[in-house]
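**Q** Here is what each chain is made of, one letter per residue.
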Amino acid sequence: MEAHFPKKRGPKYLDLLRIKQPLPAIVSILHRISGVLLFFPGIPLMLYTLQTALHSPESLTHLQSNLEYPFAKLLLLLAIWFYLHHLCAGIRHLALDLHLGLPLPQARLSSKIVLFAGIILTALTGVWLW
Amino acid sequence: MVMVRRSNRVVTGAHYGLRDWLAQRVTAVLMALYTVFVITFTILRHPVDYDDIRLLFDNQWMQIASLLFFFALCWHAWVGVRNVLMDYVHPMAARLTIQIMVITALLFYFAWFVYILWG
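Residue numbers (UniProt numbering), protein chains in the order written: chain A, 1 to 130; chain B, 1 to 119.
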């Protein structure tokens with residue numbers, strides 16, 4: 001009897017821009033991207049801000065007035081989002097290390113929570129700041 | 001019979017052990033605790049003028065906690081960036097060059113932070 005193998009119907013190539021990534025993959029790559037961006041330019045920007053804030057009352061006022069520009073606000077919110085997303089995704093990692101939420105449905109749910117927690121906390125920070 | 005197997009370990013390779021994995025998690029927890037403290041303090045005390053912020057960072061315990069946070073941050077960044085480099089940068093010369101740049105940057109960041117706290 002002849003064996004009939006099903007024809008492979010998987011994708012012939014993996015075009016990252018055309019395939020739809022599952023949510024945990026998106027949370028994971030954002031964890032990585034945010035981590036690299038927090039290292040650079042995140043840390044030097046944070047140090048510069050801290051130095052300016054602590055230097056003198058005048059430099060602090062100057063910094064606060066610079067942060068009134070919409071572009072500066074956008075940049076600050078982006079930095080806060082990267083930080084909070086990295087933090088939330090990291091907490092999820094620690095939970096996974098403790099074997100909490102390993103089954104796929106739970107892993108998908110927790111990645112959804114992480115993604116939205118990062119966004120919502122960033123929005124709340126924005127509301128609180130201005 | 002070959003008695004000694006050639007090691008396939010390379011200078012820019014993984015550190016083959018639990019150390020990095022554990023360090024990444026311990027430093028993460030330390031930074032998370034510091035972050036929660038700073039956020040709580042900011043919400044409760046609302047430090048907006050210069051004297052508030054100066055007073056906070058002139059406090060000895062805040063200085064120690066901040067230094068610990070920043071040391072954890074540098075260590076954490078090193079492990080993380082190195083993992084990313086191992087995934088995407090394969091030529092050893094390029095990887096080693098970037099690793100040296102990252103270490104130099106982190107040392108520079110650390111010195112800068114110490115200068116901000118006590119300079």
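Just so you know, the hints here were simulated from the structure itself, not pulled from any lab data.
Think of the CB as a built atom: it goes at the ideal place given N, C-alpha and C, for glycine as much as any other residue.
Treat the hints loosely; a few may be bogus.
[What the hints assert, rightly or not] Some but not every residue of chain A turned toward chain B, in silico, with C-beta under 8 angstroms:
(1) P41
(2) L47
(3) Q51
(4) L76
(5) F116
[To be verified] Quick partial rundown of chain A residues pointing at chain B, CB under 7 angstroms, derived from the structure:
(6) L45
(7) A53
(8) P57
(9) L60
(10) L63
[Unchecked claim] Restraint-style ranges between C-beta atoms, simulated for each label pair:
(11) T52/A x H90/B: 36 to 44 angstroms
(12) R5/B x L45/A: 19 to 27 angstroms
(13) R32/A x I43/B: 40 to 48 angstroms
(14) H46/B x D15/A: 20 to 28 angstroms
(15) V4/B x Y48/A: 51 to 59 angstroms
**Q** None of the hints should be skipped; say for each whether it holds.
**A** Now the hints, each set against the structure:
1. Look at P41/A: its Cβ only gets to about 11 angstroms from chain B, farther than 8 angstroms, so that hint breaks.
2. Hint status for L47/A relative to chain B: holds, with the closest Cβ pair at about 5 angstroms, below 8 angstroms.
3. Annotation: Q51/A was flagged as interfacial toward chain B, and the flag holds, the nearest CB pair being 5 angstroms apart, inside 8 angstroms.
4. Interface hint at L76/A: violated, since its Cβ lies 14 angstroms from the closest Cβ of chain B, which is beyond the 8 angstroms cut-off.
5. For F116/A, the interface hint is violated, the least distance from its beta-carbon to any beta-carbon of chain B being 19 angstroms, above 8 angstroms.
6. Interface hint at L45/A: violated, since its Cβ lies 11 angstroms from the closest Cβ of chain B, which is beyond the 7 angstroms cut-off.
7. The beta carbon of A53/A is positioned within 7 angstroms of a beta carbon in chain B (closest approach about 6 angstroms), and the interface hint is therefore held.
8. Because the closest C-beta pair between P57/A and chain B is about 4 angstroms apart, less than 7 angstroms, the hint holds.
9. Interface restraint check for L60/A: the shortest CB-CB distance to chain B comes to about 5 angstroms, inside 7 angstroms, so the restraint holds.
10. Hint status for L63/A: violated, given a least beta-carbon distance of 10 angstroms to chain B, over 7 angstroms.
11. For the pair T52/A and H90/B, the beta carbons lie near 40 angstroms from each other, so the given range of 36 to 44 angstroms is met.
12. A hinted range of 19 to 27 angstroms is violated for the C-beta pair R5/B and L45/A, which are about 48 angstroms apart.
13. Remark: the range hint 40 to 48 angstroms for R32/A to I43/B is contradicted by a beta-carbon distance near 30 angstroms.
14. At about 50 angstroms, the CB distance of H46/B to D15/A disagrees with the hint of 20 to 28 angstroms.
15. One distance hint, 51 to 59 angstroms for the beta-carbon pair V4/B and Y48/A, holds here, with the actual separation near 52 angstroms.
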